[in-house]
Amino acid sequence: MKIQQLSVFLENKPGQMAGVFDILGSNGVNIITMSTADTEQFGILRIITREWEKAKTVLEEGQFVVNLTPVVAIQVPHKPGGLSSILAIFQKQNINIEYMYAFPCAHTTEAVLIARFEDPDAAIKVVRESENFKALTEEDVFKEKKACEIQS
Amino acid sequence: MTQLATEQTIWDKNESLPREELEALQAKRLKEAVARVYQNVPFYTKKFDDLGISADDINSIEDVRKLPFTVKTDLRDNYPLDLLAVPREKLARLHASSGTTGKPTFAVFTQEDLDTWSDLCARFLYAGGLRKNQFAHVAFGYGLFTGGFGLHYGIERVGAGVIPAASGNTRRQISLLRDLNTETLICTPSYALNIAEVAREEGLDPAKDLPIKFGHFGGEPWTEDMREAIEAELGITAYNNYGLSEVLGPGVAGECPCRNGMHLQEDHFLFELVDPQTDEPVKPGEVGELIITNLTKQATTLLRYRTRDLCVIHEDVCDCGRTTRRMGRVIGRSDDMMIIRGVNVFPSQIEEALLSVEGTTPHYMIELDRPGNLDRVTVSVEIQPHMFSDKMTEMNMLKRAIDKEIRTITGIGVTLNLVQPQTLARFEGKAKRVIDNRFTKEELEK
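Chains A and B, in that order, are what the protein sequence lines are. The first sequence begins at -5 in my numbering and counts up by one. The second sequence begins at 161 in my numbering and counts up by one.
A few of these clues could be false.
Per label pair, the in silico range of CB-to-CB distance [said to hold, decoys possible]: (1) B:564 - A:62: 21 to 31 Å; (2) A:22 - B:545: 22 to 32 Å; (3) B:557 - A:71: 31 to 41 Å; (4) A:24 - B:568: 27 to 37 Å; (5) B:360 - A:24: 55 to 65 Å; (6) B:545 - A:81: 53 to 63 Å; (7) B:263 - A:24: 53 to 63 Å; (8) B:335 - A:64: 45 to 55 Å.
Calculated from the structure, these hints are not laboratory results. All of these numbers come straight from a predicted model, not from anything done at the bench. Even glycine gets a Cβ: it sits at the ideal position worked out from N, Cα and C.
Kindly produce the complete structure, drawing on both the sequences and the hints.
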C-alpha cells in the first residue's frame, strides 16, 4: 500500500530545481505531484511519479542525491473539512505525520493526500478501518491522476 | 603618528650586543642546551645516540646543523609531558595549544622561564612605546592559550598598568579603552580593525575618540595594507610581533620603531632559515622555513623546531641600535595550517570531524574570507546518499552534529554548506582543500 516518493537534495543556488526538471523532462518522466522543503541553505524536493525507477537513475547520473521514501497516498473528499477529518483520526490514534502534501483531481470530487509517517503501516491500518478514506495503491494513484497530470 | 626616538627604546643590553659577543653567547648556550636535553629528555638521548653525537660535537652555532629537527608530531607523540627537561615539580605554569587529535600539546614553564618570557615580551612592548606610567589593554584570550598571558607579563615587567580584557564583547572593550584612557592596545590585527568598525557603528570616530596611541598585533598573518588601515582607522602606530607556544609564546620576535622586520631574540633562540624541501639553508634574502632552537628555556628545550612558517631574515644592521637580525612577515606555511581568528586549524581537523559524524570523509572544501575584518570559515561538504534524508529535521540534525563536532575539535565556529556531489573542484595529486581569500601572496610580501 505504500508508494515510492523520490526525495532529492537541492543545493540552494540558482538553477538547481530547473536542473532536476530538465533531466526528468528530457527523459520523458511525468510528475504527478511534488513538494519542496527548504532552508536558507539547502532544500529537499519530493516527487511522486510513476517512472520513479527511471527518474532515480537519470537524476543520479546527473549527480543529484536521490533517496526513495515510502509514503502513503490517501484519498480524501475534496471539500471543506476533508483534510481535517482524516487528521483528526490520526491524532486520535496518536499517529504522527512527518510531512504531507496533496493534489486534487480535476474531474472528481476526491483529492489525494501524500503523507510521510513514522510508522506507515500503522497509518494504513487506521485509514483502512475508517469509513470515508481510502489508502491508495500505486496503481490507484497513477490511474487516479490520469486526469490531472502535471507536465514536467 | 608617533615615532619614538630610537635610542631610548632598548630594554635589554642583550638586544645590542656586538655580533661576535652575541654569537659566542649563542654557542655557549647551545652547548648547554644540548647537554641538558641529552641528559634529561629520553626522546633526545635516543636521537643523539642514533646519530652518534653529543654536546662535545657542538662548539659553534654552525654546529646546530648536526642536530636533528623536532616537529609538531614529536610533541604529540610525547604527550603529555615526556619532553620535560626538568623534574615535574619545577613546573610553574602549563599552557596548551590546540591539537589535531583533540589532545593539545603543552607549553610549559619553570619560574625562570616565566621570567624570561616576561622580559622578552617587555622588549618589544617597550620598543613600541609602552612606558610604566601608561595602561595597556590585552584583548587576547587568556586561559590555556599562551598569547594573553605572555603579553600580560610583558606589560607588568615594563611596569605599566595592565587591563586583562580578554576577547569578546567589543562594545565593552571600546568603553574600557575610552574610560581608562588607555595608551596601548594588544590583540590580533583583524580584531583591531573590528574594534574600529564597531566604534564607527557607535557613532564614534575611532581615530579621534579612542585614546590608544600604540598597538601590538600578532597571532595571525597580516599585511602592510592592513597595517596602514589600522593606523589610519585607529590613529595609532601599529607594531608586529611573532611567537609560537611550542618554543615560548609571544616574545620570539618583535618590531622596533624602525618597523623594518621583527627583531629576533637571538640571545634566547637560535634561528635558521631552510628550504622546506631540501632542509638546506636558504641563500641570504630568500624565503625559507623558520627553524627555532630554544637556547635558554628550561622546562622544555626544543632543538631545531620546524615552525612551518615561511619568511625572510634581514641580516643588515638596523638603525635602532639593536644588533639582532630581523624576520619579515610570515608570508605562508610549508604545511596546510590555517590561522583563523588567531586559532591554528588544520584541514585534517575538519576531516576528522566529518569522519566522526559520518563514518566516512566526504569531499569537502574550506574557504576563508574576512568580511567586516573578522575571519569567516565556510566549509562546503558534498552530500552523499547515506547522509541524505527526506526529513528536514534529520537534515538539520546532521548539520548541527557536523557544526558541533568541528567546533569541538578545532575550537572555532564555521558556516557549513551542504552541496551536491561533484560540485567541488577536484585536484590531481594532493588535494587543495583550502581557498584563502583573505589576502594574496603579493599583499603578504609587500
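Structure-based check of each hint:
1. B:564 - A:62: 21 to 31 Å: About 29 Å separates the Cβ atoms of residue 564 of chain B and residue 62 of chain A, which means 21 to 31 Å holds.
2. A:22 - B:545: 22 to 32 Å: Taking Cβ atoms as reference, residue 22 of chain A and residue 545 of chain B lie about 24 Å apart, which means the hint holds.
3. B:557 - A:71: 31 to 41 Å: holds (36 Å)
4. A:24 - B:568: 27 to 37 Å: Violated, at about 47 Å.
5. B:360 - A:24: 55 to 65 Å: Holds: the Cβ-Cβ distance is about 58 Å, inside 55 to 65 Å.
6. B:545 - A:81: 53 to 63 Å: violated (32 Å)
7. B:263 - A:24: 53 to 63 Å: holds (57 Å)
8. B:335 - A:64: 45 to 55 Å: Violated - the Cβ-Cβ distance for residue 335 of chain B and residue 64 of chain A, about 59 Å, lies outside 45 to 55 Å.
Of the numbered hints listed earlier, those contradicted by the structure are 4, 6, 8.
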